[in-house]
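Protein chains: 2
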Amino acid sequence: MIHEKWEPVLGTDHAPGIVCVGRVMAGGNRAGTGGQGTSGGRSGFVRLTELLTGIEPGQAPINLSVGEPHHPMPDFVGPVLSQHLKDFSRYPMTRGVEPFRVAVAGWLNRRYTLARPVDPEREVIVLSGSREGLFLAAIAARRYTADRGDNPAVLLPNPFYMAYFAGARAAGCEPIALPATRETNFLPDYDAVSDTLLARTVAVYLCSPANPQGAVLPRETLARIVKRAREAGAMIFADECYSEIWLGDDAPTGVLEVADGDFANILAFNSLSKRSSLPGLRCGFAAGDGDFLTAFMEFRNVAAPQVPVPIQEVAAVAYGDEAHVEDNRRLYRAKFDLAGRILGQRYRYHRPEGGFFLWLDVSELGGDETAARELWRTRGVRVVPGSYLGHTAPDGSNPGAGYVRAALVDDLASTEQALHRLAKHAD
Amino acid sequence: MIHEKWEPVLGTDHAPGIVCVGRVMAGGNRAGTGGQGTSGGRSGFVRLTELLTGIEPGQAPINLSVGEPHHPMPDFVGPVLSQHLKDFSRYPMTRGVEPFRVAVAGWLNRRYTLARPVDPEREVIVLSGSREGLFLAAIAARRYTADRGDNPAVLLPNPFYMAYFAGARAAGCEPIALPATRETNFLPDYDAVSDTLLARTVAVYLCSPANPQGAVLPRETLARIVKRAREAGAMIFADECYSEIWLGDDAPTGVLEVADGDFANILAFNSLSKRSSLPGLRCGFAAGDGDFLTAFMEFRNVAAPQVPVPIQEVAAVAYGDEAHVEDNRRLYRAKFDLAGRILGQRYRYHRPEGGFFLWLDVSELGGDETAARELWRTRGVRVVPGSYLGHTAPDGSNPGAGYVRAALVDDLASTEQALHRLAKHAD
Chain A
8 MIHEKWEPVL GTDHAPGIVC VGRVMAGGNR AGTGGQGTSG GRSGFVRLTE LLTGIEPGQA
68 PINLSVGEPH HPMPDFVGPV LSQHLKDFSR YPMTRGVEPF RVAVAGWLNR RYTLARPVDP
128 EREVIVLSGS REGLFLAAIA ARRYTADRGD NPAVLLPNPF YMAYFAGARA AGCEPIALPA
188 TRETNFLPDY DAVSDTLLAR TVAVYLCSPA NPQGAVLPRE TLARIVKRAR EAGAMIFADE
248 CYSEIWLGDD APTGVLEVAD GDFANILAFN SLSKRSSLPG LRCGFAAGDG DFLTAFMEFR
308 NVAAPQVPVP IQEVAAVAYG DEAHVEDNRR LYRAKFDLAG RILGQRYRYH RPEGGFFLWL
368 DVSELGGDET AARELWRTRG VRVVPGSYLG HTAPDGSNPG AGYVRAALVD DLASTEQALH
428 RLAKHAD
Chain B
8 MIHEKWEPVL GTDHAPGIVC VGRVMAGGNR AGTGGQGTSG GRSGFVRLTE LLTGIEPGQA
68 PINLSVGEPH HPMPDFVGPV LSQHLKDFSR YPMTRGVEPF RVAVAGWLNR RYTLARPVDP
128 EREVIVLSGS REGLFLAAIA ARRYTADRGD NPAVLLPNPF YMAYFAGARA AGCEPIALPA
188 TRETNFLPDY DAVSDTLLAR TVAVYLCSPA NPQGAVLPRE TLARIVKRAR EAGAMIFADE
248 CYSEIWLGDD APTGVLEVAD GDFANILAFN SLSKRSSLPG LRCGFAAGDG DFLTAFMEFR
308 NVAAPQVPVP IQEVAAVAYG DEAHVEDNRR LYRAKFDLAG RILGQRYRYH RPEGGFFLWL
368 DVSELGGDET AARELWRTRG VRVVPGSYLG HTAPDGSNPG AGYVRAALVD DLASTEQALH
428 RLAKHAD
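Chains as they are written, first to last, in the numbering used here: chain A, 8 to 434; chain B, 8 to 434.
This is chain A alone, in the form it adopts within the complex (with noise of 0.2 angstroms):
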């Protein structure tokens, strides 16, 4: 049995500072087996235990490293379940019942300014959580999309949501890493993708607000490469399962809003997993291009999971309820007032836009590997190094090498007593 390297090549029609992360030979399934986007491409999870095997934690282990929201889920789900039972004996529709494509489009049209209403018989889908989504749509881009020539391209931020990556890889398409770092504001430059990029591109994958970084694609940007994509006759995929982590004063736009009520190659990806503190749910959504989606369910319905019709009604009542969801938001705010408050300007912190993580810049403390250890090996605090999130270009170079990431997913005291810990490591 072969496993083949993964092997980085730089591409030759990017603009500076884009980088294609892997050859992705015409069958586009030999390049490796991971497809985690790190450079060996293997798992940032499997290298971070390695990492810190052997090593004693300095005190009693802290694990910011996993971005499992802990907070309390909504108390409706055990009674909306109880009394759908019965629904477990039936096959699920691939495309989700109809109280929960309804749920999610009322939703949809309350959350965002669209210029018209979501149809939820033909703009919605449910998805077993956002990630099969995610990656299953870039297979179906390439057959859906029109010729894209002989090196097809995928664009997905770097670092980025493994999801994508998977995806471009067994979409046959070259997957091209657009730095997200602090001189573009921890945002992929889009304006620097050239039009001949996008004339191979089949498909964008958005992040905002970005994981890890938490930053926001202001209106306009966002506007200018939608616009510019679908033009060049690429597939816009927007991962906007941090939305409703908003720690601002408004709420991130949607790309749903950009598109002047034409969803055409337009489509939004959500989940409850953050939204509702849900992530063991696995229940989400994609939502817009009408056509595509049409293309899309004829894929799902021979090779996707469906999702159980008990689980889409209790979603149904989540998407629903905007109670729980603010208490949810300002629990994350308050931690974000503390981190503020207790790391100052450590660590060159500020406070992100949206999402639920620190991306601490520790190139002061011997880079993101050697700050990981520290942290665990004297204070007990388990980050991830951001190298692993990202991937590295041949010539070294990695946007989130001089980073530690760190999910602030616990209640408040513990979240306190870790920020105590990362403050003091800083001094």
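Keep in mind that the hints were calculated from the coordinates and are not lab data.
Mixed in with the good hints, there may be bad ones.
A pair holds if it fits inside one copy or across any two, identical chains being indistinguishable in the list.
[Said to hold, decoys possible] Here are the computed lysine to any residue pairs in the SDA-like style, where the Cα-Cα straight-line distance is at most 25 angstroms:
(1) K234 - A199
(2) K93 - A420
(3) K93 - G327
(4) K234 - D196
(5) K93 - D334
(6) K234 - G268
(7) K93 - L419
(8) K93 - A433
(9) K93 - N70
(10) K93 - D417
(11) K93 - E320
(12) K234 - T203
(13) K431 - D418
(14) K234 - T191
(15) K93 - F83
(16) K93 - V324
(17) K93 - D82
(18) K234 - E333
(19) K431 - S370
(20) K431 - L345
(21) K234 - R353
(22) K234 - R117
Since this is a predicted model, take the numbers as computed values, not measurements.
Take the given structure of chain A and dock chain B to it, following the hints.
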């Protein structure tokens, strides 16, 4: 936007009667949009709806077209869910929680005669139902298997379950459909598969008991194809989701039983949809080759759905209990007893060895589409034309063409009524 047509072609190195069902381009992603394995690349259910549109049913409708079990679901579902409700707030490990994996391994060890027990740590993973697993396994196999040359193949029975074909296409492989006709006891003639074909085969999908025919692969036949396929370096994916619905004296042989204690290259797929009448739970497993599963998990970690922990806990209880499965099987047997009594020799009926479908020969009733239309028009009975479940070769042949499929998934009383209507129609 371009939807390319799916263009059937004949392969070159196949045994007589073996048909390559689709030309797959190098990228494996542009040979059509449906992948349902019908000659038009369209869903059989969509085609059935079109076939019957505008035709009034002659009697109160009875739907035998969908293979959705309607037996009572086990009574532990609600209590177990309630007990594990808080786990909806945890991200599920992609591999599956230990109680689930231990329960599945325990069941496999009791149900089959294995040379050594299955290891729940390395040799079992959870799936969100078997469909997504069967599909994604092909992509993983393409990466995992040694180089299969420029024209890698995936073998599937004809008729077939759509996920096999979709997986083959997404993996960039040529789907090769092996006809399963009355002449070959409704099973593919695996001994007719050439060594040349096996040398380029990435994976062989087996289905026993077979959907739709209910035929069971004899132990010796199963052992021979497993031995040849793995010696040639191909993976064997055995879809055993009907394994517990056996209608004769002996339980069907499982693929792990012919492995001689070495599961290399072998995976068994199963789910609770049929075994426990829980199609809406969306929980199944893959078990076998630990090395392949490790690689599959790397891929699944960035691409696949996870299964909510409370659902896995229900599944763990389901795999530990045989009483509800025996009740379930008893009810299917009673319905096939009725079928034998009521249908007699009509439709060249014979009792299948497993599964819950009637596979009725309608060649003397005008063929499958005519028979399906007339059964609806005169009797109100909805069945699936067999050709919709199979592939039509360039010479026009389709092993499903002379048959209709009828699912015996309802209670005894309505099944009896349906059988009387079927019998009357053939008189």
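Do the hints match the structure? See the list:
1. In this homomeric assembly, K234 and A199 come within 25 angstroms of each other (Cα to Cα) only inside a single copy, at 14 angstroms, whereas the closest approach across copies is 55 angstroms.
2. Only between protomers do K93 and A420 lie at most 25 angstroms apart by alpha-carbon distance; the minimum there is 21 angstroms, versus 41 angstroms within a single protomer.
3. In this homomeric assembly, K93 and G327 come within 25 angstroms of each other (Cα to Cα) both inside a single copy, at 22 angstroms, and across copies, at 21 angstroms.
4. Taking identical chains as interchangeable, the C-alpha atoms of K234 and D196 lie at most 25 angstroms apart only when both belong to the same chain, with a minimum of 15 angstroms there against 54 angstroms between chains.
5. With identical chains, the CA atoms of K93 and D334 are at most 25 angstroms apart between copies only, with a shortest distance of 18 angstroms across copies and 31 angstroms within one.
6. Within a single copy, K234 and G268 get their C-alpha atoms as close as 13 angstroms, which meets the 25 angstroms cut-off; across copies the closest is 58 angstroms, which misses it.
7. Taking the shortest alpha-carbon separations for K93 and L419, only the inter-copy value of 20 angstroms comes in at or below 25 angstroms, while the best intra-copy value is 39 angstroms.
8. Taking CA atoms no more than 25 angstroms apart as the test, K93 paired with A433 passes in neither setting, with 55 angstroms inside one copy and 37 angstroms between copies.
9. Proximity of K93 and N70 under a CA criterion of 25 angstroms is satisfied inter-copy only: 20 angstroms between copies versus 39 angstroms inside one chain copy.
10. Within a single copy, K93 and D417 get their C-alpha atoms only as close as 35 angstroms, which misses the 25 angstroms cut-off; across copies the closest is 16 angstroms, which meets it.
11. Proximity of K93 and E320 under a CA criterion of 25 angstroms is satisfied in both settings, with 12 angstroms inside one chain copy and 17 angstroms between copies.
12. For a Cα distance limit of 25 angstroms, the shortest separation of K234 from T203 inside one copy, 15 angstroms, qualifies, whereas the shortest one across copies, 50 angstroms, does not.
13. When the C-alpha separation of K431 and D418 is checked against a cutoff of 25 angstroms, the pair qualifies only within one copy, where the shortest distance is 20 angstroms, while the shortest distance between copies is 69 angstroms.
14. Taking identical chains as interchangeable, the C-alpha atoms of K234 and T191 lie at most 25 angstroms apart only when both belong to the same chain, with a minimum of 20 angstroms there against 57 angstroms between chains.
15. Taking CA atoms no more than 25 angstroms apart as the test, K93 paired with F83 passes in both settings, with 18 angstroms inside one copy and 12 angstroms between copies.
16. For a Cα distance limit of 25 angstroms, the shortest separation of K93 from V324 qualifies both inside one copy, at 18 angstroms, and across copies, at 18 angstroms.
17. Proximity of K93 and D82 under a CA criterion of 25 angstroms is satisfied in both settings, with 21 angstroms inside one chain copy and 10 angstroms between copies.
18. In this homomeric assembly, K234 and E333 never come within 25 angstroms of each other (Cα to Cα): the closest approach is 32 angstroms inside a single copy and 59 angstroms across copies.
19. Taking the shortest alpha-carbon separations for K431 and S370, only the intra-copy value of 17 angstroms comes in at or below 25 angstroms, while the best inter-copy value is 82 angstroms.
20. In the homo-oligomer, the alpha carbons of K431 and L345 lie at most 25 angstroms apart inside one protomer (15 angstroms), although the nearest pairing across protomers, at 78 angstroms, exceeds that limit.
21. Neither within a single protomer nor between protomers do K234 and R353 lie at most 25 angstroms apart by alpha-carbon distance, with minima of 39 angstroms and 63 angstroms respectively.
22. Within a single copy, K234 and R117 get their C-alpha atoms as close as 24 angstroms, which meets the 25 angstroms cut-off; across copies the closest is 59 angstroms, which misses it.
Against the hints set out earlier in the document, violations occur for numbers 8, 18, 21.
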